Amino acid sequence: MMPDERRLIERAGQGDQAAFTMLVRQYQNRIFGFIMRMTANREAALDLTQDTLLAAWQNIRQFRQEASFSTWLCQIAVNKTRNYLKKADRETPLADGFDQATASGDPESILTEKRRQADLLAAMGDLPPAQRAVFDLRFFEHLKFDEIACIQQTSVSAAKTSFAEALKKLKRRLEEK
Amino acid sequence: MNCRQIQQWLESELTSAGIEPGEDIRQHLDACPECRFQYEGLLALHGRLAPLGVLTLTSIEADQIMAKLSAGMAASPRGQAGESIALTWLRSLVRPTLAAAALLVIALAGSSQLPVAPVVSREFQDLQLTQSPGFDLLSFLTGGDEDGLPTLVDQSSAAYITASVNPAQAAGILDSLSQQEIEYLVEHVSLEL
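So the protein sequences, as listed, match chains H and F. My numbering numbers the first residue of the first sequence as 1 and each following residue consecutively. My numbering numbers the first residue of the second sequence as 1 and each following residue consecutively.
In case anyone wonders, no lab produced these hints; they're calculated from the structure. Errors might be hidden in some of the hints.
If you want a taste of the chain F side facing chain H, the calculated C-beta under 8 Å gives, among others [unchecked claim]:
{"no.": "1", "residue": "P33"}
{"no.": "2", "residue": "G53"}
{"no.": "3", "residue": "T56"}
{"no.": "4", "residue": "L57"}
{"no.": "5", "residue": "I65"}
{"no.": "6", "residue": "M66"}
{"no.": "7", "residue": "M73"}
Please read these numbers as outputs of a predicted model, since none were measured by experiment. C-beta: ideal position from N, C-alpha, C; glycine also.
All chains, please: the whole structure from these sequences, using the hints.
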């Protein structure tokens, strides 16, 4: 953890809102990306990102700085997302989360890109949520398996197995296309 | 390097398309068509999934989130004098949970039926436990919570606990535990806050 980040965390723990804002601004895209891939729903991802950051603020004093701040944020995001998926039986993503932010070019290529992204999100959505989270945290967020195991409250070997299974399923799913 | 080691590397280490295999791995890949096929397949998967790795907020969305966060922070200020709502909530709930877990451990320890060796978190000792009558123990243990905090124990442990005790009655049990029993709980019972 960078010294500056540690100082920001300490200040945020003392109620410094500006410090907390500086702290989370660098992570908001990462948290949004994770939630977006988990839910495939842009509106939901926006809401859940905001909820995650607010929950982090409300609980910042419980953060012990034993894990990295980003891992702690991921843990909150995982739980927020899991609750969201559980509540409304939305385990199969809606795949309506096209990333307008990166859209460019002519309408036809935008449409092609939109379909490609929807296909990929649908492929991710075929994975069970817990497996999807393990895969995402490793593949996209590059967390270590012990960090993932901590977040998912499982063993390191179970996280590795889950990741390997997700890899196989995704490869198979995408090869079918 | 053998095929099994390559397989492990492929499945657990190769999480970035930019990763270059080391010399020993490269030598194996050159000599082993099967491992090379898998390696190339995984690289292709990276390529296919790359668009999902760059999902970002628009600047407008980022600003909106920050504005709402600021409003949320103003509505729930944190400071040295204040205490987090989540911590207050946990303080009110953790005692019956611990009591339930204690009952489970005590009941099962003698007969060696404890299915797993659960864990207690370091925060346990920091909490000043207070009693809270009546709550949904199973949901509390397994369902996470609205603040996005972790669940406390896994499903199987929670099922044992809730099947073994009445949480309303369990709240007083903790008082009767000896220091040794408390230490056993701290060492063995799952309670990750």
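Checking against the hints above, which ones are violated?
1
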